[in-house]
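All the letters of the sequence shown, read from the start, carry residue numbers 5 to 41 under the working numbering.
Hints are supplied without guarantee of correctness; some may be wrong.
Claimed, not checked - Pair by pair, the computed Cβ-Cβ distance ranges are: (1) 8 x 31: 28 to 36 angstroms; (2) 7 x 39: 18 to 26 angstroms; (3) 38 x 9: 32 to 40 angstroms; (4) 32 x 5: 17 to 25 angstroms; (5) 30 x 8: 13 to 21 angstroms; (6) 37 x 14: 18 to 26 angstroms.
Derived by calculation from the structure, the hints in this document are not laboratory data. All C-beta atoms, glycine included, are put in the ideal place defined by N, C-alpha and C.
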Amino acid sequence: MNAVCERFNRTIQEQFVDYHEELLFTDLATFNEPLAD
5 MNAVCERFNR TIQEQFVDYH EELLFTDLAT FNEPLAD
């Protein structure tokens, strides 16, 4: 079960990064806020 949860979390994080990739390089603080929630 833990492996399934870990894969789900990874997928969500990767999709978030793909969608907000520009912020990753221009405004790291703003990028991190919703990811940490």
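Results of checking the hints against the structure:
| no. | hint | in the structure |
| --- | --- | --- |
| 1 | 8 x 31: 28 to 36 angstroms | holds, 33 angstroms |
| 2 | 7 x 39: 18 to 26 angstroms | holds, 22 angstroms |
| 3 | 38 x 9: 32 to 40 angstroms | violated, 20 angstroms |
| 4 | 32 x 5: 17 to 25 angstroms | violated, 33 angstroms |
| 5 | 30 x 8: 13 to 21 angstroms | violated, 34 angstroms |
| 6 | 37 x 14: 18 to 26 angstroms | holds, 20 angstroms |
In this structure, the hints that do not hold are numbers 3, 4, 5, in rising order.
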